[in-house]
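Reconstruct the complex from the two isolated chains, following the hints.
Chains as they are written, first to last, in UniProt numbering: chain A, 1 to 316; chain B, 1 to 214.
Hints may contain errors.
Said to hold, decoys possible - Below, in silico cross-link-like pairs of lysine to aspartate or glutamate (EDC-like), each with a Cα-Cα straight-line distance of 16 angstroms or less:
1. A:K39 / B:D113
2. A:K8 / B:D113
3. A:K229 / A:E315
4. A:K39 / B:D63
Calculated directly from the structure, the hints in this document are not laboratory data.
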Amino acid sequence: MRAFSYEKVADPAAAAARAAEVEGAKFLAGGTNLLDLMKLEIETPVHLIDVNGLGLDEVTETEDGGLRIGTLVTNTALSADERVRRDYPVLTRAIAAGASGQLRNKATTGGNLLQRTRCPYFYDTAMPCNKREPGSGCGALTEGAFSRQLGVIGTSDNCIATHPSDMAVAMRVLDATVETVTPNGMTRRIPLEEFHLLPGDTPQEENALMPGELITHVTLPAPVGGTQKYHKARDRASYAFALVSVALIRQPDGSGRVALGGVAPKPWRSDEADAELPNGARAVMAHLLEGARPTEENAFKITLAERALAAMLAEE
Amino acid sequence: MTPPIEFEIRRRTLLAGSAAIAMSAGLRPASAQDGAAASTPAGDSTTTVTLTVNGEPRELTVDNRVTLLDALREHLELTGTKKGCDHGQCGACTCTVNGERINSCLSLAVMHDGDEVETIEGIGTPEQMDPMQAAFVENDGFQCGYCTPGQISSARKVIEEIRAGIPSHVTGDLNAEIAITDAEIRERMSGNICRCGAYANILAAITQVAEDQA
Ligand SMILES: Cc1cc2nc3c(=O)[nH]c(=O)nc-3n(C[C@H](O)[C@H](O)[C@H](O)COP(=O)(O)OP(=O)(O)OC[C@H]3O[C@@H](n4cnc5c(N)ncnc54)[C@H](O)[C@@H]3O)c2cc1C
Ligand code: SF4
Ligand code: FES
Ligand code: FES
Chain A
1 MRAFSYEKVA DPAAAAARAA EVEGAKFLAG GTNLLDLMKL EIETPVHLID VNGLGLDEVT
61 ETEDGGLRIG TLVTNTALSA DERVRRDYPV LTRAIAAGAS GQLRNKATTG GNLLQRTRCP
121 YFYDTAMPCN KREPGSGCGA LTEGAFSRQL GVIGTSDNCI ATHPSDMAVA MRVLDATVET
181 VTPNGMTRRI PLEEFHLLPG DTPQEENALM PGELITHVTL PAPVGGTQKY HKARDRASYA
241 FALVSVALIR QPDGSGRVAL GGVAPKPWRS DEADAELPNG ARAVMAHLLE GARPTEENAF
301 KITLAERALA AMLAEE
Chain B
1 MTPPIEFEIR RRTLLAGSAA IAMSAGLRPA SAQDGAAAST PAGDSTTTVT LTVNGEPREL
61 TVDNRVTLLD ALREHLELTG TKKGCDHGQC GACTCTVNGE RINSCLSLAV MHDGDEVETI
121 EGIGTPEQMD PMQAAFVEND GFQCGYCTPG QISSARKVIE EIRAGIPSHV TGDLNAEIAI
181 TDAEIRERMS GNICRCGAYA NILAAITQVA EDQA
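Next up, chain B with everything else stripped away, as it sits in the complex (with noise of 0.2 angstroms):
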């Protein structure tokens, strides 16, 4: 017999607990977010940079602070892409760097000097759509339409994250070839959230897409 798991239920501390929440709220001690510490810029707090945006140069000078996602949509107006959270959690502002999707509401526009960005605008047009906007109209891949943007970003690199021998979470052999399944593309697509709950139909979209490129 192995022996039983003992702990001890850990009691709250009312006590403590009130009086901390007294001393947060008015009598706060010194602290470094006070300004004890060093609270100015060591420097410039703007910074210029040059993006290639859908595929065109971009010179930007920015305050350090504005994220990638702010300098697409509020400096270079392009509104394709989303601010949904604007904490890495929705997708809505998913877009490309350098060929890989990421969170742009994550990113520091200082930090992509030299980068080219892809966004909605770049991947087509009303006229001319990309195969995955013609799947997603095709299928009612929305509702909305706030999240479709980031929805569409990820989606074409899922497929190509997926050609790529890139695992996920579901892939069972890790050294064998990925096959594109749904609970592949479901698990994949899990960073990109959609308040109408277009997931089915954004799922036949990107199923479709990869079986007409295959």
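One chain only, chain A, in its complex shape (with noise of 0.2 angstroms):
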């Protein structure tokens, strides 16, 4: 690991401002993810701004029926929370199947949204990766690489990366939308859906957030009822990543909202393929991943994630 200073600051606007203002800096919340990459110097700040102790660590109601969650609300508290358990069961089952247990005390809402890729070539740096290191090439799209976990659609030939999150599937079936605060102490909403960046030709650039801008909050609209179910498909029954998650809203008309995890370098979900729901599994997913460029390793996500919605919806 390389050196680094370490502060604490007093409000959030503090925080962003400094963040801008110091070369290098980064934010630190539950360091679950930051510092496994700042061991093997894939990130590699001078200075980390402890965000821990700024407040934003509270579950509060919106005027419009929504909840309204701090940015260092744990994944543990955010998935026991009564009023998630039962009014955005989608969310609790999604963070519930991610990490473990002393994973999820630390995890933060904010943290687990801004997480890097699992991509192993991402992480093994005698490796090409255009996302640790622009320009090197893409180590996942070498002959023989291994690319069964990796991205199907929405990727480039620059990165086929996958966003790892479990919580942020849910939180995109439930349109969130990401609260920050700027360097100038202004605030922005930006919605998830517009949150994380495709990778394109610049796989580095992953979310919208601009140089030292810290997320505050997460809200969630008021609750939208229905049926919400969240499936993991993993190589193991605990403790892994997603290869495909489903999150499923359905209402007892039959229509409903469907967003996919493991698939692409971000949530996955369109209107399209939402409007299909009442057609059932195939019909929704020949929209949702329609364009898809998997590789031959990584071509049976796309099986995958119909079948798993298929048997979600026989399940009713």
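What follows is the structure, encoded as structure tokens:
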């Protein structure tokens, strides 16, 4: 790990201002992703701004009947919140399907959205990776590479990594919005749909935050009801990242929403696919995965996504 | 009839790939990692913190890079907490901070100023074992014992977490009381790996403690 200086700040706006001012600074929340990557020198911040203790650790109710989740609310606390369990069960299910009990006790809401890919070549510093070292090539697209875990849609010739979060998939199906404070003290609201970026030619640019911008909250609109489910298909029964995950909200009339995890650089959802829900899993996936470009090793994800949704629909 | 899902298989980019490997081995372009961006700390690289460890206040001045795990083992000489993977994957380093179990390898000591840390040394002693320690002994919940401090630290909290109504991946009704079942215990213990495979006996030990407390 490279040496770094460390500071705690007084409030969110001061944190953002400091982060913009100090070159090479990063925010530290739970640390479960950042420290992992710093040990491998994939992340090399020279200054850490610890945002714990900024008071952003509560879930409150909004005027329009939704919830406002402070960025420092831990994954455990959010999954166990009575209102989330009752009104947004897909979110509890998605969080509980991720990581381990110990990790969820430290992992925070904002940190979870900003966790970086689990692409094995991003982690292997002896391999090229356009995300880690722009312009070096994509290790996952070299001859003989293992791409089983990687993305099938929304990817580019420069990067086929997925976003690994489970929580984000549920938040996407719930139409969450990210709230931030910028270095000049302004607040911004970014729909989760627009928060994560597709790789294109710049896979190192992963989200819509400007330098120094701090996530303060994530808001959920008023509950939409329906039957809510999260299905995570993975190589082990527990404590493994998704190969494919499906977040589903289904209304009694058969309409609803579907978002996928494990297939793309961001939680994957579309209005056209949602509209096909009454017509079954195949119809949904024909739209949602239209234009997919899997590798030979991960083409199974397309069948898996369809079957996972079909199984979820058949359960009722 | 709904349309089939059409897709095109992506071809591997042999040429671009091997060129890239050659480049990364030799003529690597300058990048943030090579020091193009700021590379020296913006301030002090050490910090003084006070932790309460097993009930005793301990003041430490540490390099900011020192993890809570290394602070416990190397600075406070509490070697009960083990280092397995150092990357949050095995659970050997599990201890509790302010009453919650965490992976001490993925936390910095400097983040814990003012926090209460409990390690296996604070849970019990060979003369006065905690019920969970005694149950591990009675049920042969280990072979080599390397994962055991983490298993015990985790196990004690698993029972509390179930009783506090924190749902898990296998919980059925999210709005009902959670029963302490084998499935709940296994799922909640999945962050603690045992290379000796003592899982069945670990489960028996935890079940025994949960039943004794009920
Ligand atoms: C072994 C293992 C297994 C895992 N399995 C899963 C899994 O199955 N599913 C899953 O979803 N996740 C999984 N995770 C990932 C885990 O969920 C993330 O590490 C965690 O959510 C990150 O949150 P954090 O608070 O610790 O983030 P940190 O590590 O503190 O931060 C992550 C990034 O976010 C930035 N950041 C943090 N807070 C803010 C903020 N408020 N504003 C702006 N930037 C911010 C940091 O600068 C950093 O770049 C796993 C992790 C491990 C180690
Ligand atoms: S898929 Fe993306 S993250 Fe993985 S090696 Fe290629 S560029 Fe890097
Ligand atoms: S040493 Fe911390 S989880 Fe393995
Ligand atoms: S007893 Fe040997 S690793 Fe668990």
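Each hint, compared with the structure:
Simply put, K39 of chain A and D113 of chain B have alpha-carbon atoms about 22 angstroms apart, too far for the 16 angstroms limit, and the pair is violated. Our distance criterion of 16 angstroms between C-alpha atoms is met by K8 of chain A and D113 of chain B, whose separation comes to about 11 angstroms. The straight-line distance between the Cα atoms of K229 of chain A and E315 of chain A is roughly 10 angstroms, inside the 16 angstroms bound, and the hint therefore holds. Under the criterion of a C-alpha separation no larger than 16 angstroms, the hint pairing K39 of chain A with D63 of chain B is consistent with the structure, at around 14 angstroms.
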